[in-house]
Amino acid sequence: MMLLRLEDLTVRRGGVAVVSGVSAEVRAGEVIGLLGPNGAGKTSLLRAALGLLPHEGRASLALLAPGQRARAAAWLPQAREIAWGMPVEAVVRLGRLPHGAGGTAAVERALARMGLQELRGRAATALSGGEQARVLIARALAQEAPLLLADEPTAGLDPEAQIATMQVFVELAAAGGAVVASLHDLGLAARHCTRLWVLSKGRLVADGAPREVLTQELLAKVFHIRAHFADTPEGPVFQPLARLGS
Amino acid sequence: MKYRLLLSSLVLLVAALFLASLLLGASDLGPRASLAAFWSGEGAAGLVLREIRLPRALLGVLVGAALGLSGAAMQGFLRNPLAEPGLIGTSGAAALGAVIAIHTGAYAAFALALPLAALLGAGLAVALLLALAGREARALTLILAGIALSSLAGALTALALNLAPSPYAAAEIVFWMMGSLADRSMLHVALATPFIAIGAVVLLRQGRGLDALTLGEDAAASLGVSLPRLRLGVVVGTAALVGAATAVTGAVGFVGLVVPHLLRRAVGAAPSRLLPASALGGAAMLLAADIATRLVVPERDLKLGVLTALVGAPFFLRMIRQIGREGA
Numbered sequence: 232m233m234l235l236r237l238e239d240l241t242v243r244r245g246g247v248a249v250v251s252g253v254s255a256e257v258r259a260g261e262v263i264g265l266l267g268p269n270g271a272g273k274t275s276l277l278r279a280a281l282g283l284l285p286h287e288g289r290a291s292l293a294l295l296a297p298g299q300r301a302r303a304a305a306w307l308p309q310a311r312e313i314a315w316g317m318p319v320e321a322v323v324r325l326g327r328l329p330h331g332a333g334g335t336a337a338v339e340r341a342l343a344r345m346g347l348q349e350l351r352g353r354a355a356t357a358l359s360g361g362e363q364a365r366v367l368i369a370r371a372l373a374q375e376a377p378l379l380l381a382d383e384p385t386a387g388l389d390p391e392a393q394i395a396t397m398q399v400f401v402e403l404a405a406a407g408g409a410v411v412a413s414l415h416d417l418g419l420a421a422r423h424c425t426r427l428w429v430l431s432k433g434r435l436v437a438d439g440a441p442r443e444v445l446t447q448e449l450l451a452k453v454f455h456i457r458a459h460f461a462d463t464p465e466g467p468v469f470q471p472l473a474r475l476g477s
Numbered sequence: 375m376k377y378r379l380l381l382s383s384l385v386l387l388v389a390a391l392f393l394a395s396l397l398l399g400a401s402d403l404g405p406r407a408s409l410a411a412f413w414s415g416e417g418a419a420g421l422v423l424r425e426i427r428l429p430r431a432l433l434g435v436l437v438g439a440a441l442g443l444s445g446a447a448m449q450g451f452l453r454n455p456l457a458e459p460g461l462i463g464t465s466g467a468a469a470l471g472a473v474i475a476i477h478t479g480a481y482a483a484f485a486l487a488l489p490l491a492a493l494l495g496a497g498l499a500v501a502l503l504l505a506l507a508g509r510e511a512r513a514l515t516l517i518l519a520g521i522a523l524s525s526l527a528g529a530l531t532a533l534a535l536n537l538a539p540s541p542y543a544a545a546e547i548v549f550w551m552m553g554s555l556a557d558r559s560m561l562h563v564a565l566a567t568p569f570i571a572i573g574a575v576v577l578l579r580q581g582r583g584l585d586a587l588t589l590g591e592d593a594a595a596s597l598g599v600s601l602p603r604l605r606l607g608v609v610v611g612t613a614a615l616v617g618a619a620t621a622v623t624g625a626v627g628f629v630g631l632v633v634p635h636l637l638r639r640a641v642g643a644a645p646s647r648l649l650p651a652s653a654l655g656g657a658a659m660l661l662a663a664d665i666a667t668r669l670v671v672p673e674r675d676l677k678l679g680v681l682t683a684l685v686g687a688p689f690f691l692r693m694i695r696q697i698g699r700e701g702a
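Taken in sequence, the protein lines are chains A and B. Here the working numbering is used: the first residue of the first sequence is 232, the next is one more, and so on. Here the working numbering is used: the first residue of the second sequence is 375, the next is one more, and so on.
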């Protein structure tokens with residue numbers, strides 16, 4: 232089932248095309264890693280796909296009415312804002328806003344998935360940065376939309392929480408949903424994503440399975456690094472090694 | 375449920391203070407005699423109760439609720455515990471309208487000229503604000519436009535004072551600006567009620583949007599909240615409440631700032647829950663402050679706005695220190 236279709240999506244900011252001519256599709260069951268160096272246009276692409284940024288071309292989600300879109304896709308912004316010291320459970324419950332009343336079961340599922348049951352009564356603003364990040368992921372999960380768009384969801388998380396988060400994404404995909412997550416950790420992307428999109432200067436320069444996409448040529452051209460890639464009994468292992476001289 | 379209990383206790387508190395406001399005052403009537411006089415409405419005592427104390431107590435509830443509610447909405451919208459309803463410039467503009475009515479002597483000819491001029495000022499200010507801040511949903515533009523309007527209104531108020539036709543008019547303006555609930559009539563109540571009712575309904579409907587805004591503008595928009603509509607609702611609702619409140623009482627500061635802060639933790643910090651609680655809390659605080667003006671120095675006419683500022687300013691300083699310490 233198709234959850235998102237982008238057709239020739241272009242975003243201009245101050246006259247510069249920060250996303251240009253991106254066409255892609257997201258189907259149920261996929262965990263897509265959106266890769267690219269700083270300034271490649273990852274955040275702009277995700278926001279435009281949701282219709283949160285003015286854009287040219289078409290994004291299927293942007294055509295929906297706001298309430299309908301909120302039930303079709305959840306969005307986890309990079310800025311981790313929790314303005315008020317609400318209890319963790321109440322913050323997670325904000326994900327139920329598009330659905331009206333009820334939804335306690337969904338809130339409980341989201342709390343359990345992110346391992347937050349013990350923190351449920353704590354004021355969210357009193358938690359550490361990593362814990363707040365988990366609360367906000369749980370908020371997006373509680374929305375229980377088929378598609379989750381996440382902007383650097385693993386930034387600032389400890390290794391266990393990073394792996395746990397990626398596993399949650401894999402579970403969502405297995406349950407018939409899909410995730411598009413921008414990531415800087417190419418190792419996490421290689422291990423957990425079913426597909427990778429690579430953005431460079433606003434253009435989608437690669438779209439395919441991790442092993443096909445993460446080649447030495449692409450890494451050199453887009454990321455200016457050299458890396459080690461191996462298939463092990465534990466799955467694919469990817470380790471950036473060194474910068475390439477410019 | 376804890377929240378229901380809090381709201382019920384606040385309702386009881388407001389009811390008790392309302393009764394106290396009715397029964398306490400300059401005339402030497404005992405509480406029982408006051409109540410009997412209020413019931414019968416006969417004689418001088420009945421007149422005092424029904425024509426002087428009743429409007430005063432009613433305005434205490436209305437204006438206090440307006441200030442508390444708009445303060446909670448403003449703080450929720452700007453995601454800042456130091457925001458207050460005067461920030462968008464409508465209270466300054468309403469005061470300017472009233473001052474012009476005093477300056478020109480229009481209010482001497484027609485009692486309602488003053489509150490009507492104040493409402494006109496508030497209406498013009500909110501129209502200007504929306505024109506200045508455009509359709510863009512940014513909070514910063516709104517604050518800057520509000521500051522510009524406030525300083526303009528302040529400068530024009532100073533000009534009116536500067537050019538006051540007589541020292542009496544100047545004194546009249548100064549006293550009016552201090553804010554008071556004394557000597558208001560049921561006409562004032564009738565004038566303020568529709569604006570406060572409409573403003574309250576508009577703001578109470580923004581609870582969901584303000585809750586979502588806790589996660590930032592982008593996340594709120596992704597949850598289906600229309601930010602331009604939310605902003606319009608908050609600005610128009612606040613303007614109606616603050617404009618009407620200022621029109622009938624003058625400038626009463628700090629209630630809108632302090633009440634939401636006092637109640638935030640008790641309601642679990644969610645803006646949607648803070649809105650009704652702050653309306654009740656504001657009513658309680660204003661009634662209590664108005665009763666205090668009568669009890670502290672009964673022989674002098676202590677102004678309500680002076681009292682709330684005296685109590686509110688040190689509290690505000692404490693809040694700033696607290697926020698500085700938490701680093702939030």
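A portion of the hints provided could be inaccurate.
Calculated pairs, SDA-like style, for lysine to any residue (alpha carbon to alpha carbon, straight line, at most 25 Å) [stated by the list, open to error]:
(1) B/K376 x A/A310
(2) B/K376 x A/L358
(3) B/K376 x A/G333
(4) B/K376 x A/K452
(5) B/K376 x A/Q447
(6) B/K376 x A/D438
(7) A/K432 x A/L358
(8) A/K432 x A/Q447
(9) B/K376 x A/L350
(10) B/K376 x A/S251
(11) B/K376 x A/A336
(12) B/K376 x A/A337
(13) B/K376 x A/E383
(14) A/K432 x A/A310
(15) B/K376 x A/R327
(16) A/K452 x A/D438
(17) B/K376 x A/A386
(18) B/K376 x A/E349
(19) B/K376 x A/G334
(20) B/K376 x A/T356
(21) B/K376 x A/E339
(22) B/K376 x A/H415
(23) B/K376 x A/H455
(24) A/K452 x A/V401
(25) B/K376 x A/G316
(26) B/K376 x A/K432
Rather than coming from a laboratory, the hints here were simulated on the basis of the structure.
Against the structure, the hints:
1. This hinted pair does not check out: B/K376 and A/A310 have alpha carbons roughly 32 Å apart, beyond 25 Å.
2. With a C-alpha separation of about 23 Å, the suggested pair B/K376 and A/L358 falls inside the 25 Å cut-off, and the hint holds.
3. A distance of roughly 19 Å separates the Cα atoms of B/K376 and A/G333; the hinted pair therefore holds under the 25 Å criterion.
4. With a CA separation close to 59 Å, the supplied pair B/K376 and A/K452 exceeds the 25 Å bound.
5. With a C-alpha separation of about 60 Å, the suggested pair B/K376 and A/Q447 falls outside the 25 Å cut-off, and the hint is violated.
6. Taking the CA atoms of B/K376 and A/D438, the gap is about 52 Å. The hint is violated against a cut of 25 Å.
7. Distance check on the hinted pair: A/K432 and A/L358 sit about 36 Å apart at the alpha-carbon level, beyond 25 Å; violated.
8. Between the alpha carbons of A/K432 and A/Q447 the distance comes to roughly 19 Å, so the proposed pair stays at or under 25 Å and holds.
9. Annotation: proposed proximity of B/K376 to A/L350 holds, straight-line Cα distance about 20 Å (limit 25 Å).
10. The straight-line distance between the Cα atoms of B/K376 and A/S251 is roughly 53 Å, outside the 25 Å bound, and the hint therefore fails.
11. For a cut-off of 25 Å, the pair hint linking B/K376 to A/A336 stands: about 22 Å separates their Cα positions.
12. Taking the CA atoms of B/K376 and A/A337, the gap is near 23 Å; set against the 25 Å cutoff, the hint holds.
13. For a cut-off of 25 Å, the pair hint linking B/K376 to A/E383 is broken: about 37 Å separates their Cα positions.
14. Proximity of A/K432 to A/A310 is assessed by CA-CA distance (about 22 Å); at most 25 Å being required, the pair is judged to hold.
15. Distance check on the hinted pair: B/K376 and A/R327 sit about 22 Å apart at the alpha-carbon level, within 25 Å; holds.
16. With a C-alpha separation of about 15 Å, the suggested pair A/K452 and A/D438 falls inside the 25 Å cut-off, and the hint holds.
17. Proposed proximity of B/K376 and A/A386 is contradicted: the alpha carbons are some 37 Å apart, above 25 Å.
18. At most 25 Å may separate the alpha-carbon atoms for a hinted pair to count; B/K376 and A/E349 meet this at roughly 21 Å.
19. Under the criterion of a C-alpha separation no larger than 25 Å, the hint pairing B/K376 with A/G334 is consistent with the structure, at around 21 Å.
20. Between the alpha carbons of B/K376 and A/T356 the distance comes to roughly 21 Å, so the proposed pair stays at or under 25 Å and holds.
21. Simply put, B/K376 and A/E339 have alpha-carbon atoms about 21 Å apart, close enough for the 25 Å limit, and the pair holds.
22. Proximity of B/K376 to A/H415 is assessed by CA-CA distance (about 44 Å); at most 25 Å being required, the pair is judged violated.
23. Proximity of B/K376 to A/H455 is assessed by CA-CA distance (about 57 Å); at most 25 Å being required, the pair is judged violated.
24. Of the pairs offered as hints, the one joining A/K452 and A/V401 is violated, with about 29 Å between alpha carbons and a cut-off of 25 Å exceeded.
25. Simply put, B/K376 and A/G316 have alpha-carbon atoms about 17 Å apart, close enough for the 25 Å limit, and the pair holds.
26. For the proposed pair B/K376 and A/K432, the alpha carbon gap of about 53 Å is over 25 Å, so the pair is violated.
Violated hints, in rising order: 1, 4, 5, 6, 7, 10, 13, 17, 22, 23, 24 and 26; the structure is consistent with all others.
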